[in-house]
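Visitor: Residues per chain are reported as follows:
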Amino acid sequence: MYAFEYHRPTSVRQVANLVAKAEDAKLLAGGHTLLPTMKQRLAAPANLIDLGQVVELKGIERSARSITIGAMTRHADVAGSADVQQAIPGLAEMAELIGDPHVRARGTIGGSIANNDPAADYPAACLALGATIVTNKRKFAAEEFFRGLFETALDEGEIITKVSFPIPQKAAYAKFRNPASRYALVGVFAAKRAGDVRVAVTGAGSNGVFRWTQAEEALKARFAAKSLEGMSAPADNLNSDIHADAAYRAHLIGVMARRAVQAASSR
Amino acid sequence: MSATGIGAPVRRKEDQRFVTGQGRYVDDFNRPGQAHAYFLRSPHAHANIRSIDSRVAREMPGVVAIFTGDDLAADKIGGLICGWMIHSKDGSPMKAGPHPALAQGKVRYVGDHVAVVIADTLAQAKDAAEAIVVDYEVLPAVVETASATKATVAVHEVSPDNTVFNWHLGDKAAVDQAFARAKHVTTIDLVNNRLVPNPMEPRAALGEYDPGNDNYTLYTTSQNPHVARLVLSAFIGVAPEHKLRVIAPDVGGGFGSKIFIYAEETVCVWAAKKVKRAVKWTSDRTEAFLADAHGRDHVTHAEMATDENGKILGLRVHTIANLGAYLSTFSSSVPTYLYAPLLSGQYDIPAIYCEVDAVYTNTAPVDAYRGAGRPEATFVLERIVEKTARELGQDPAKFRKKNYITSFPHATPVIMTYDAGDYHASMNKALEAADYKNFGKRKRESARRGRLRGIGFSSYIEACGIAPSQAVGSLGAGVGLWESAEVRVNPTGSVEVLTGSHSHGQGHETTFAQLVSDRLGVPIDNVSIVHGDTDKVQFGMGTYGSRSGAVGMSAIAKAIDKVIAKGKKVAAHVLEAAEGDIEFKDGKFTVAGTDKSLDFASTALQAYIAHKFTGEQLEPGLKEGAFYDPTNFTFPAGVHICEVEIDPDTGVTKIERWTAVDDFGVIINPMIVEGQVHGGIAQGVGQALLEGTVYDSSGQLVTASYMDYCMPRAIDLPSFDVGMTMTPCPSNPLGIKGCGEAGAIAAPPAVINAITDALGHEDIAMPATPQAVWRAAQKSVTKLAAE
Amino acid sequence: MATVSMTVNGQPVTADVDPRTLLVQFLRENLRLTGTHVGCDTSQCGACVVHLNGEAVKACTVLAVQATASVVTTIEGLAQGAELHPMQAAFREHHGLQCGYCTPGMIMAAIDMVNRKGSNLDEQTIRAELEGNICRCTGYHNIVKAVAAGAEAMAQAPLREAAE
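Keeping their order, the protein sequence lines are chains U, C and X.
All the letters of the first sequence, read from the start, carry residue numbers 1 to 267 under the working numbering.
All the letters of the second sequence, read from the start, carry residue numbers 268 to 1054 under the working numbering.
All the letters of the third sequence, read from the start, carry residue numbers 1055 to 1218 under the working numbering.
I should point out that these hints are in silico values taken from the structure, not numbers from a laboratory.
Predicted, not measured: the structure shown is a model, and the values here were computed from it.
Be aware that a few hints might be false.
To be verified - Under the rule of at most 35 Å between Cα atoms (straight-line distance), these lysine-lysine pairs were calculated in the DSBU-like manner:
1) C:K669 to C:K439
2) U:K39 to U:K26
3) U:K137 to U:K226
4) C:K921 to X:K1171
5) X:K1199 to C:K696
6) U:K139 to U:K39
7) C:K1046 to U:K220
8) C:K668 to C:K1046
9) U:K39 to C:K540
10) X:K1199 to C:K921
11) X:K1199 to C:K708
12) X:K1171 to U:K58
13) X:K1171 to U:K170
14) U:K226 to C:K921
15) U:K21 to U:K39
16) U:K21 to C:K393
17) U:K226 to C:K1046
18) U:K39 to C:K541
Excised from the complex, chain U in its bound form (with noise of 0.2 Å):
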């Protein structure tokens, strides 16, 4: 790791204040992709700012419509939440499967979707259950939001705050874990919601997160697993590796769609 100066502010306006001051500040949120990148050298910020205290970014809340979840809200304080767990039982158990409960015990969804890593769990959530990430300055509709490997709309300096998912009729998230790393080799998350339906996809893309359009189709006319029977996604921006070649994963895609779906109509 270089070396950094450390901030531990107490509020958004004092993380925005020292963002805004600060050289090239990163800000540190579960920690649990930044600073493993930071021991192997290969992010360097001068200034790193906690936000650890910042206590108006933690917690969960429920209204009749939707969850709304401070960016500071760990995976295991969502897997846990009895409101989740009642209003989208899909998105509880999505954060389940994230790392392992060492790691739910740190991370958080902010920092989560702000990585936009391509084998994060959370953006196929965001993306499926057509969630609004808020920020100090704006909001976002997910598919705005989640732009190619870890890249996102947010401007330098800019600070998710919560993030609000619309409480769908169904929904389901199922996962194909990377043996070694246990990121998403493929996770599809399907949400079926009042004329809608969306299935998002991550760890596959080599864009990033998408969503699976022909299945969302497919899904329309029927939500059931039996309507993605035979399915496998199109295998050209799919991601190649020594775990999964693109025909694997295309064909995964289907196998986890129709695992979600059925999950989600099973309920």
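Keeping the supplied structure of chain U fixed, place chains C and X upon it in accordance with the hints.
Guide: Chains C and X only, in chain U's frame:
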């Protein structure tokens, strides 16, 4: 059997410190004023070093010194060695290229050692290493095992075609004859995948120099500290043997990778004197992937001949073994004498011929990893036996039984003489425990759920406790393979055992104490096992190859016998009886036929106070040493049965059931032995399903962390059903055969035989990852559709 | 330099550290609590697991400064004098360790597992919950047994304490 004697599942004495965080591993040691070493490693698989410019780096904060290969050469520090000479078929010695601890003009694999930076802190050392400018002339890299001899470049000048040796064993003509009269010939092509050992404790070294006494101390993660000292002094020349103290304290697993003498400990000891400060290096995990010696990496073609009755007539094997960029400490022995002599397995095979071509590549050195040669042999044999049985339409268990060796001693055509065993007993017990007769029912039930179920056997044999020294010397070993022990009885009757074995997870502090307690009648808590420090312990050979029970404990047993003999003399004087009338039993020296006796502690005290005998009659004291050189290898053997269920949609293989029945001879502590079996199976399953080391075509290691190299986790494994049979080993006084590597040897073919059984065809490589199995399952589906 | 203050194994500690000091380095190097180990660089092996404010975390992926004002428990803080924590005792009793290197992290993870999931843990749950801890020696067989037994013993222990 007493509660703490031989055969008792005594809870481990060492665990008190481990479960409370009081274990002391090398990285837990710090010396006053110590500096930190960081190795600048080659980013290229193969390159000439035109220049190394460290002028800027030297001026950076905290930097103490920067050294390169030139500095080592200037001090006449020798290269790392390979301690086993193999001769090719034509009689020529193996082609050993130079192996400097820090590169001299050339780097030969990614991770090769270019320079060392020594600084006040590790962070400063890393900062400075980044400022060193190395001008590389990048050369094409030789990466693939199978094609290494056809490469356009040579890894070492000494071998233009990258061949280390072309070695063979067995009777070629006899095998040709066997194949000529065969009714059936089965062929198979196999890759034994390259593995990275990955003990959880990364390697570490802390060197220190005391100018007042001209003494050196090295704390190192070693399985064999005396061998490390010998090599560092006699061959590499960093310090005279009597001036170098090597301490291997608690070591967090080794699995072979900590046998070898590496560049890092060499440099730390040498540099400590140069910079007049203790120098510490601790590997991070990526360095461990890059620079620890890897294991396996064979490409093999094998053929098996059978007659009309399904009896095996002959076996022909050709293997290309990748030894990496340099010959590591025992690398040459692994694909030769630890491999081909095992190719007879548990079977009566009249003729065997094996050729091994060892090659250099621009990859990390390859050396012994848990099993070392024996898993590779077992994989070849148990895969081809399974395939032969299937081709002949015979039940694989029955086919094996038909060909089992049944009388002992049995001389194989590949130099081994098996001393004892009962292979049918293990197979029968395993079939029962695995509920083999109902397997068909379970397979149909799986099929109803759309799953493919398979069962696979592995009837492995292992050769442990490599010996006798004279024999291994004649095969090229540079060392003897005996073990030493000293049993020191204190005046209070407590006992210290100094052993040349080294414990890095095996539980010697408990099992060795059990032997002493059992033999001397001393409470187990009054026995200490001392190991891992060359200043305390007499020369010893260390722990690897499942040798510490059979060889190390036999040495202790010999020393105990001498203690008892001496104790009888002492007791005879005290009890005023003839020495010949003294019996030792239940911890007491008794005059035969009387109630006159002296307990062990009193005898010890009498030995030291020496009031009852004169110096002419008897030497005072009670301390005896022994060196034990076995008469033969030991031959543990057993049967493992693996049952898998495959999800053809995803290719995920789940191990539903694991049955192991092993014959390890006499067992000191069944709890510890079962633990060894569990761990071995896990590593074998890792090889079969999860672990694959991948270099890309330019020689970059793609799997250099746990993000890409898949270590077995709890969820990947089932609980294991581990059972035993027992034929005592006649080749050592305790009847022990050894158990440390059995699981890792047995497991891979059991898994792959189960998967190929489930798939209905043989075409699957290790590791059988979900992708590989899914793809293979597609063929099964296509095949089924066609039928 | 940054000043960190926290409570470790019941003792308040304060030190000036380079901000880039990881919690595991702080414990091992500043406090000489070397029971917490480092086994990988990628937050996967779990040899470094400690409890931070009562929850298991990977001390290799937390900065010491982040733990300011926190309560940290390490493997050295579990036993009550000579009496082992029930989970420590269970690992010993069931031979849930060999080389001992992963053991501190395993035990800290196991206690956290019981805290989160209760004391009646089936094999599947234990195996799944050990996702973040790698052992190279035991094949996990005896670790799973140890965690199950330790969990039960933890349920008994408070009862015993109450009765005393």
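Visitor: A separate judgement is required for each hint: does it hold in the structure or not?
Guide: Right, here's what the structure says about each hint:
no.: 1; hint: C:K669 to C:K439; verdict: holds (25 Å)
no.: 2; hint: U:K39 to U:K26; verdict: holds (15 Å)
no.: 3; hint: U:K137 to U:K226; verdict: violated (43 Å)
no.: 4; hint: C:K921 to X:K1171; verdict: holds (25 Å)
no.: 5; hint: X:K1199 to C:K696; verdict: holds (25 Å)
no.: 6; hint: U:K139 to U:K39; verdict: holds (33 Å)
no.: 7; hint: C:K1046 to U:K220; verdict: holds (34 Å)
no.: 8; hint: C:K668 to C:K1046; verdict: holds (31 Å)
no.: 9; hint: U:K39 to C:K540; verdict: holds (31 Å)
no.: 10; hint: X:K1199 to C:K921; verdict: holds (20 Å)
no.: 11; hint: X:K1199 to C:K708; verdict: holds (30 Å)
no.: 12; hint: X:K1171 to U:K58; verdict: holds (23 Å)
no.: 13; hint: X:K1171 to U:K170; verdict: holds (27 Å)
no.: 14; hint: U:K226 to C:K921; verdict: holds (26 Å)
no.: 15; hint: U:K21 to U:K39; verdict: holds (25 Å)
no.: 16; hint: U:K21 to C:K393; verdict: holds (30 Å)
no.: 17; hint: U:K226 to C:K1046; verdict: holds (24 Å)
no.: 18; hint: U:K39 to C:K541; verdict: holds (30 Å)
Figure legend: structure checked against the earlier numbered hints; the only hint not met is number 3.
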